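Input sequences plus hints: build the corresponding full structure.
Protein chains in written order, with our numbering: chain Z, 1 to 440; chain B, 1 to 632.
In short, the hints are calculated from the structure, not lab data.
All values reported here derive from a predicted model rather than from experimental measurement.
Built from N, CA and C at the ideal position, the CB exists for glycine as well.
There may be inaccurate statements among the hints.
These stretches of chain B come out as covered by chain Z in the derived footprint (C-beta under 8 Å, 3 or more residues) [claimed, not checked]:
#: 1; region: 42-55
#: 2; region: 225-237
#: 3; region: 397-403
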Amino acid sequence: MRLLPPLLLCLIGILLTYGVCVPLAGAPERLYWRRQVFFVILGLGVYFVVARASLPRRWSAGMSAAACYGVFCGLLLVLVLLVGRSTGNGRRWLSVFGLTTVQPAEFAKIAGLWALAELVNSTSGLRPAEALRRHLLACVAVAVPAALIVLERSLGNAFLFCAAAGVLLVSRWLSWQTLLAGVLIAVPLLLPLGVTVHRLRHPPLAVQAEHLAEGRAGIEARERACGLSQREVGSVLAPGGSEGLFSHCPARFSCYLSREGGWNAEQASRCIQIGGYTGCGYRRGRVTILGYLPRTVQHTDFAYCVLSESLGLAGGMAALALVATILGTILWNGLRSASPAAWSFATALAVLVFLHTAIHVGMGLRLVPIIGVPFPFLSYGGSVTVSMFAGLGLLARYSAQRDGIPMAAAGKADGWPGTPDPAGARSYRQPELPPIGAAR
Amino acid sequence: MTSSESQRRQAAMVAVLAGAVMGSALLFAAVVHARQASRRETALRTFERDAARLASVWTYRAPVCDRYRTPLNVTVPEYALAVDVSRLRDIRDTRRRTLDLVEAEVSRLAIELWPREAQFRRISRDDLEAHLVRASPMPFILWRNVDTDTVQRWLMVRDDHPGVTLLPLPKRVYHLPDLAAAVRGRTCLTRRGAPGVSSHCDFPDLTMAGWFGAEAWRDADLSGTPGVEQLVLDAVLFRQGTVRRADPEVGEPVCLTLDMHIQHWAQEALRGLRGALVVMRTDGQILALADSDDGVRPTLAEGTEAWRQWLRGNRRDGIHRCLNDQTPPGSIAKLAVALAALDAGVITPETRIECRGCVPYGPHTVIACHKASGHGSLTLYEALRVSCNAYFLTLAERVGWERIAEMMKELGLGQLPGEDMDVPGGVPSRLAPLCSRGAIYTPAYKREHYETGVEALWRPIDTGFLAIGQADTQVTPLQAAVMVNAVATGKRVKPRLFLDEPYAARDLRLSVASREAVLQGMRQVVHHPNGTARTARVEDVVLASKTGTAERGSGAAYRKDVWLVAIYPGDAPAARIVLAAMAHDLSSGGRDLGPRIAELVTAIKEWEMWTDDQRRQWPGTADGEAVCQAQR
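Here it is in structure tokens:
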């Protein structure tokens, strides 16, 4: 049952990909939808392998997490920088025997969060100095892959990883009262931010007239209509100039702050508007079919917009409800898991899924800049789909470990620490929470 | 409470908190989404405006026909092979890949159809790239005027070339290309949309438009209304469908009043001369408009460039000598003097006036008669017969320039066709904008054109010049035809070149006796042994005629322009056709033009006995077979 929401989302995603890949008469068909079917099947395989596979007795969860971390956050991220395929702005893809490509950053996020969860929860019983050292090590463990991902110029993934890891650490360090206070303080701060963006996008008439009077016409005038030129934004965001790691950011932010928002954002917003409440119908969205929303990104970065154009607000809300169900399932599984590492990982995974969804939807609604984040399970993409299933698989493994399923299924202990009694989790003595940050 | 329970409670709190935050965020997204979804209608309108483009659809250009409604200038389909890039490319393809695709397709097609050099032009990569840069939804035309063999070969392989289409394109074909070329006119290619939408028609079709002649004068009728197609274009402007289509409206055929047989004979009559010849029915329908340029100017079978060069060199003289060649009328002006004198009662036809070889206008100024010894005492008939200058100079003194000028104006000189005709039936003539007005030599004219001193004063000798058609009186051959037609019928008709123009004529204040007297004199011009147009005599035909000779220049530049006007037959009630011929640089209207007019009248006499079917058969000209001229 816990796989039903993601599988439903995957099904919708495959149908959407089919819709945009089997074009109007005359043009050749693109095979993305078939690949997506393969990716979903592969993801399911990975899910069951991760959730149920037996490991040698001497393999601990920490060791597994560390190995994964080493492979995905170290080896592959370095490899992609050395021999990765360069597309667009960055070098993010590794070719697999010329058959397909993978994006190691997606796997690195899951592996990194898992390793981090194991690391920060392995401090029970340690002396404060040792615990502190481990937490510092955790910070380094976040910083290294994040830096490598930034070097790939995949700032969106770096941000998502840091945000999820940050929530994981903070939830480990702070009490829930402190977290609540932080949220209550942070949320009102979003309001003036939104107002500022709105004012930048819709400057007073006097400012517009001033810009027009300066003789700036056409695109330049529109760019300046937000009150900031690309150069001004760029000087803040991209100190390295046009050749730096952040050289592509000024244009994106300038588009975000401008009234029209750039071609992609404008067409994405148009998709949602034209979809209305009930949508135009499957494969009847003209913005999508006619390619006004570029076909290269329809099924990836703007899958939600395509869904909204086809099925309207109703379809969009259904997808969001499925995501909410997935989030609930993740949190519930983490909550009822016996392991604190499971809870930490569940929190981080939930944050990751949530941020993926929120940013993806926000891009279509022009709430956030266009940074190319896929909708989990809905967007086309092998790496993100398989890595998300792997994350769910890990959580299922934690959950099953509490229920004793792996042992019952395999007939032996899976070898992870904290499961000394193969008879079941009921006799499992929960490790105590580490003292750092806790008022004990 | 144990520590594990405390821990679980804390985790639950965090879960609730996280769930609340995430739920709020998703709810916020839902609200924003709902707000955007409420703007559906506006967004749809904007999108449809952005995605739709108008393209014009070519229409069938109606034919230009002769008076028997036989098409002369015809539009026929010409087949062309074109490639529809929209159907070949994937929307994700880059321009370079699309270019490769199209190039490969074109190469494959060319090989399969085994190109023939004359028909298949080489398609360069630059041509294809230029089409792609234009991002036009229109098909790219590869080869035009594809013959039937190639079409059949293409039909056999068309399933292998889904992006290639066979397009019917309009082509203008000109039958009898050397007859009345300037009058029938020609089309040229232009890029225009449908009327009313042309200003915002994004893709106006390359279509035919009238260039000169009847094709230009009646362009609005012939061209019809191009259709409009509202296309749905994808993001890179390739055609993805059609929203609506307003079918084009076919133009209306335009029928000329010309008879191709008479036109052919008239052109033959002018061969070797520099002049013009009008053959007109007495109801104003023009049967032939021939000018000597017909042998010089390109035929309609020749290319656009030849015509462009000819028009560039000759346009300032007007499109046709019949309409624009203004020449002093010489002695044919004497018809107006005679009518003015008879109508005013100054003389009777039998009144005799003495010719002594010249008429003095001062101590050293005379105007000589062409017979230096003088004709002696002459009646009006005799004076017209021998075209005596002295008689009409004396008569003009008695009548006065006012009556002569008035009569000339009544007869249509110095006026555009159809002008000053206060009768129902449509004035002015469709020809009026193309014609020259000519001029009547009067004191007002002289004041206007000779501004200084004595030269601007009207002298008695000027009345003499007016009477014998010298000095600055200017007449076009068409005006001469209208004048002589007025003598024959007593009406000033509106000359008509198009069958759909209504008949219009104004009764002149001329007594039948006066006209009959003048006609009698004109008949003697042909049939009397001393008549100046006796060379135009045709057996069994009563012809009334008048010759004229106008002098211009002096010394080495001295030239004579000659005229011959005729009424066929010369009996007033039976008159059906009038002719007016003019030629430059000859010596005598009777001697030089008479035999040619006689041949023409002989042919017309035979033509009158033909049935309509015989008249519909085209004459056997040098290029008598239908000659096609590709226009696209």
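Checked hints:
{"no.": "1", "hint": "42-55", "in the structure": "holds (count 7)"}
{"no.": "2", "hint": "225-237", "in the structure": "holds (count 5)"}
{"no.": "3", "hint": "397-403", "in the structure": "violated (count 0)"}
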